[in-house]
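S.K.: Build out the structure end to end from the sequences listed, making use of the hints.
Chains as they are written, first to last, in this note's numbering: chain A, 203 to 617; chain B, 203 to 617.
Hints in this document: simulated from the structure, not taken from any laboratory.
Careful: at least some of the hints might be erroneous.
[Stated by the list, open to error] Pairs of lysine to any residue, SDA-like flavour, derived with a Cα cap of 20 Å:
1. K590(B) to A587(A)
2. K614(A) to G282(B)
3. K614(A) to D560(B)
4. K590(B) to Y277(A)
5. K614(A) to G434(B)
6. K411(A) to E421(A)
7. K590(A) to G594(B)
8. K542(A) to P225(B)
9. K590(B) to L575(A)
10. K411(A) to A351(A)
11. K590(A) to D578(B)
12. K614(A) to V279(B)
13. K590(A) to L596(B)
14. K590(A) to A587(B)
15. K590(B) to G577(A)
16. K442(A) to Y277(B)
17. K614(A) to Q599(B)
18. K590(A) to K590(B)
19. K230(A) to Q520(A)
20. K230(B) to R246(A)
21. K411(A) to W380(A)
22. K542(B) to L608(B)
23. K230(B) to L575(A)
24. K614(A) to D578(B)
25. K614(A) to K425(B)
26. K590(B) to R246(A)
27. K614(A) to Y277(B)
28. K614(A) to L447(A)
29. K442(A) to Q278(A)
30. K542(A) to S557(B)
31. K425(B) to G376(B)
32. K378(A) to T316(A)
33. K590(A) to R243(A)
34. K590(B) to E381(A)
35. K590(A) to A582(B)
36. K230(B) to G577(A)
37. K614(A) to R283(B)
38. K590(A) to E247(A)
39. K614(A) to Q278(B)
40. K442(A) to Y277(A)
Number of protein chains: 2
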Amino acid sequence: MAQAPHYRALFLIADGMGDRPIPELGNKTPLEAAMTPFLDRLAREGECGLMDPVSPGIRVGSDTGHLALLGYDPYQVYTGRGPFEALGIGMEVRGGDIALRCNFSTVDEDWIVTDRRAGRIEQGTQELANVLSGIEIEGVACFFKESVAHRGALVLRGANLSPHITDADPHAEGQKVWESQPVSPEDEAAARTARIVNLFTRESYARLKDHPINRARQEQGLKPANIVLARGAGVAPHLKPFDTLHHTRSAAVVETGLIRGIARFVGMEICDAPGATGGIESDLTSMGKTIVDALQTHDFVLCNVKGPDLCGHDNLPQQKAQCIERIDAMVGMILQQAGKGLYILVTADHSTPCSVGDHSGDPVPLLIWGPDLRGDDTTAYHERACAKGGLGRLRGQDLVPILTQLMNVQEKYGA
Amino acid sequence: MAQAPHYRALFLIADGMGDRPIPELGNKTPLEAAMTPFLDRLAREGECGLMDPVSPGIRVGSDTGHLALLGYDPYQVYTGRGPFEALGIGMEVRGGDIALRCNFSTVDEDWIVTDRRAGRIEQGTQELANVLSGIEIEGVACFFKESVAHRGALVLRGANLSPHITDADPHAEGQKVWESQPVSPEDEAAARTARIVNLFTRESYARLKDHPINRARQEQGLKPANIVLARGAGVAPHLKPFDTLHHTRSAAVVETGLIRGIARFVGMEICDAPGATGGIESDLTSMGKTIVDALQTHDFVLCNVKGPDLCGHDNLPQQKAQCIERIDAMVGMILQQAGKGLYILVTADHSTPCSVGDHSGDPVPLLIWGPDLRGDDTTAYHERACAKGGLGRLRGQDLVPILTQLMNVQEKYGA
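M.R.: Below you can see the structure in the form of structure tokens.
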């Protein structure tokens, strides 16, 4: 190679930014309606296109979308929500761990489920979860953590485990708690895992049924959260670390638990931005500063700003446009402070159209800006302009390779 | 089908032609800067697009790139460089052969490696290789051929062989020659292959240590090339012949050993063009004549012109543009002489930007010209114009099917 300058890249994901034309915005999308001078400059100087996180038309989640954007094939590595639910609430999850989604539920003394959500319990679940810590069954460490309301996650760590087991949660009230069973009777690892789940269910009842919080709930006429019922077992994939896969030194400046969990799971260093809440009013100036700092010590920085997605879910197009304007200002600050040799990729992990109120399968806008690019005719950054851009229509898994080949860190495939 | 006229196709690969804007060319790429009246005419009359040889962003080699362009999935058929190194130096390689990269090395009488490259020997390796011919071990034919300098390749042909063996080359001086071993002890084919490699290593020492060339080298104070050390075993894939796969009668007019080897490996007839050297000054008029002739007897002609890639590796943008102008003139000659019913596809196997000096992951320009096409708005053939072409962004493996369906020789997939 004639020269191999030291380049860095910012991979900026405006969560759920893609949208559809909205009448109250004059039939513009929030991104079209927003004033985005810095993003438009990057579009003018760089290259644009459309991107399908997994493949055209597929509605992805934040987990599958981010896996694809980081270069992993979700169809190969994503076996279910369990491990990502656990990651999302800050649990440590390692490749090979079995993870299950759980509910705090209410059962009577015959273990008939009287409320799958324990009266939609809001308070005290952390204290309840505390008494379930440190359980070890047949040499398998069981980690339980509460999530919001009645939800939680269970992680099993040990040898000879399998996710191919049935649920303990009977999925309906008036039913008796199910015995988890191996899907195939001859699957010894699954039989062992099911047995451990059943013992954990029993232990949860033993430790929770007379817990002071449950006694207090019953005194107030509330349903006690007297058992933990698990469902949806999945195995955490053994992923090659991001930096090993892509020859980078990566960091993540992200807001939500799930994205933070995924970033940590693939080995990225997590850089905390004070005031980055994941809400509409998140401190993006703080995020921008944290990104600029991270780019001093890392050559690949992942950033996810959650705001646009929230506005899409809540059908708030004006606020979505404002969120995007604040992201634009953050980009302006980074441009001013981050120095030379920087590539910036701006995209979304999926569209969250306000009219849909959920993730859609529409492609998302994409721009790549930095040194030594061919350029195209795009003069603004939004869905319709990007559809005419020189990058054409790409997939999520293409993005990191495009950046790493520009950065001169990608190994050649072949001779 | 209403009618099935007899069509032919020229698949013209300008090796490494894709590039990035270059300041000394007025921020044009070499292809933009070059005067290419014939290619521009084809672009005007035909259809253009961008093409990723394997997938967007992936930096391919000449081997993986050409495999993909010929319709084979490199992720399925490319197991390593060994077989393609052997093909590249003109060895016969058949599907199932085990091929290894080799060095002429220097060992002392205890088989401690004192120079892995035998003093970077330049002369006499052909004579040394000659005494290693005709070796057969346990019914396995061993073929060895020298390459440039201290390099060579070993091909093992016989039943019950496996590439899953460790190297004989210890990869460091001061180390004893390694015994090749099966990666898994219970893999009998690998155990047999390792044993054969070890016997070949021994035989190479026996035949080389007192060879007159080595005696002469020692008298001159040079390191003797007294052993051949193999590494990087790979198995040559069983590829369906190109003509069987695509229903063509194909020929190849190509320059470099590697591309010639790949074309022969997939069963293409090789047509030699006198004066086609693979260098910048290669005789492209001769290549053009050979192509015109080949198109009289074959309906699919692959052509690879190496010059643009060399200029990219050496950061010679002006010369790269001149190479492209000479390719354009060759196309003009073919247009004049090849007759009717001809499709011409012009693309590159990868980009070799002058600013990078090596293969990059940038997409390459693509044009398809011939009868009965829809056409698009493209009026010139270069990277940025092609990005707006009607073909969109395609992959290497798409190209031959696009040609064969235009040629009316492709079988329907389904009923």
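S.K.: Now tell me, hint by hint, if it's right for this structure.
M.R.: For each hint, the structure was consulted:
Restraint check: the Cα-Cα separation between K590(B) and A587(A) comes to about 13 Å, which is no more than 20 Å; the hinted pair holds. Taken as a hint, the K614(A) and G282(B) pair is honoured in the structure, with Cα atoms around 12 Å apart against an allowance of 20 Å. A threshold of 20 Å between alpha carbons decides the hint, and for K614(A) with D560(B) the separation of about 9 Å falls inside it, so the pair holds. Between K590(B) and Y277(A) the alpha-carbon distance is near 32 Å, which puts this suggested pair outside the 20 Å criterion.
At roughly 16 Å between alpha-carbon atoms, K614(A) and G434(B) fall within 20 Å of each other, so this suggested pair holds. As the CA atoms of K411(A) and E421(A) are separated by approximately 14 Å, the hinted pair is consistent with the 20 Å bound. Distance restraint check for K590(A) and G594(B): the Cα-Cα separation of roughly 10 Å lies within the 20 Å cut-off, and the hinted pair is therefore satisfied. Distance hint between K542(A) and P225(B) is fulfilled; the C-alpha atoms sit about 18 Å from each other, no more than 20 Å.
This hinted pair checks out: K590(B) and L575(A) have alpha carbons roughly 16 Å apart, not beyond 20 Å. Restraint check for K411(A) and A351(A): the C-alpha separation of about 18 Å stays at or below 20 Å, so the hint holds. The hinted pair formed by K590(A) and D578(B) meets the criterion: a straight-line CA distance of about 15 Å does not exceed 20 Å. With a CA separation close to 17 Å, the supplied pair K614(A) and V279(B) stays within the 20 Å bound.
For the hint pairing K590(A) with L596(B), the CA-to-CA distance comes to about 16 Å; that is within 20 Å, so the pair holds. A hinted pair counts as satisfied when its Cα atoms are at most 20 Å apart, and K590(A) with A587(B) qualifies at roughly 13 Å. Restraint check for K590(B) and G577(A): the C-alpha separation of about 12 Å stays at or below 20 Å, so the hint holds. Proposed proximity of K442(A) and Y277(B) is supported: the alpha carbons are some 18 Å apart, at most 20 Å.
Of the supplied pair hints, the one linking K614(A) and Q599(B) holds, its CA atoms being roughly 19 Å apart against a limit of 20 Å. For the given pair, K590(A) sits about 8 Å from K590(B) by alpha-carbon distance, which is consistent with the 20 Å threshold. Restraint check: the Cα-Cα separation between K230(A) and Q520(A) comes to about 11 Å, which is no more than 20 Å; the hinted pair holds. For the suggested pair K230(B) and R246(A), the alpha carbons sit about 17 Å apart, so the restraint of at most 20 Å is met.
With a C-alpha separation of about 18 Å, the suggested pair K411(A) and W380(A) falls inside the 20 Å cut-off, and the hint holds. Using a Cα cut-off of 20 Å, the hinted pair K542(B) and L608(B) holds, with the two alpha carbons roughly 14 Å apart. Between K230(B) and L575(A), the direct Cα distance comes to roughly 11 Å. Compliance with the 20 Å bound is thereby established for this hinted pair. With a CA separation close to 34 Å, the supplied pair K614(A) and D578(B) exceeds the 20 Å bound.
Our distance criterion of 20 Å between C-alpha atoms is broken by K614(A) and K425(B), whose separation comes to about 33 Å. A distance of roughly 16 Å separates the Cα atoms of K590(B) and R246(A); the hinted pair therefore holds under the 20 Å criterion. Between K614(A) and Y277(B) the alpha-carbon distance is near 14 Å, which keeps this suggested pair within the 20 Å criterion. Restraint check for K614(A) and L447(A): the C-alpha separation of about 13 Å stays at or below 20 Å, so the hint holds.
Annotation: proposed proximity of K442(A) to Q278(A) holds, straight-line Cα distance about 13 Å (limit 20 Å). The straight-line distance between the Cα atoms of K542(A) and S557(B) is roughly 17 Å, inside the 20 Å bound, and the hint therefore holds. Restraint check: the Cα-Cα separation between K425(B) and G376(B) comes to about 15 Å, which is no more than 20 Å; the hinted pair holds. With a C-alpha separation of about 9 Å, the suggested pair K378(A) and T316(A) falls inside the 20 Å cut-off, and the hint holds.
Only pairs whose Cα atoms come within 20 Å are accepted, and K590(A) paired with R243(A) is accepted, the gap being roughly 16 Å. At roughly 60 Å between alpha-carbon atoms, K590(B) and E381(A) are farther apart than 20 Å, so this suggested pair is violated. Between K590(A) and A582(B) the CA atoms are separated by roughly 18 Å; this keeps the pair inside 20 Å, and the hint holds. Of the pairs offered as hints, the one joining K230(B) and G577(A) holds, with about 11 Å between alpha carbons and a cut-off of 20 Å not exceeded.
Proposed proximity of K614(A) and R283(B) is supported: the alpha carbons are some 12 Å apart, at most 20 Å. Annotation: proposed proximity of K590(A) to E247(A) holds, straight-line Cα distance about 15 Å (limit 20 Å). Of the supplied pair hints, the one linking K614(A) and Q278(B) holds, its CA atoms being roughly 17 Å apart against a limit of 20 Å. For the hint linking K442(A) to Y277(A), the alpha-carbon distance of about 15 Å falls within 20 Å, and the restraint holds.
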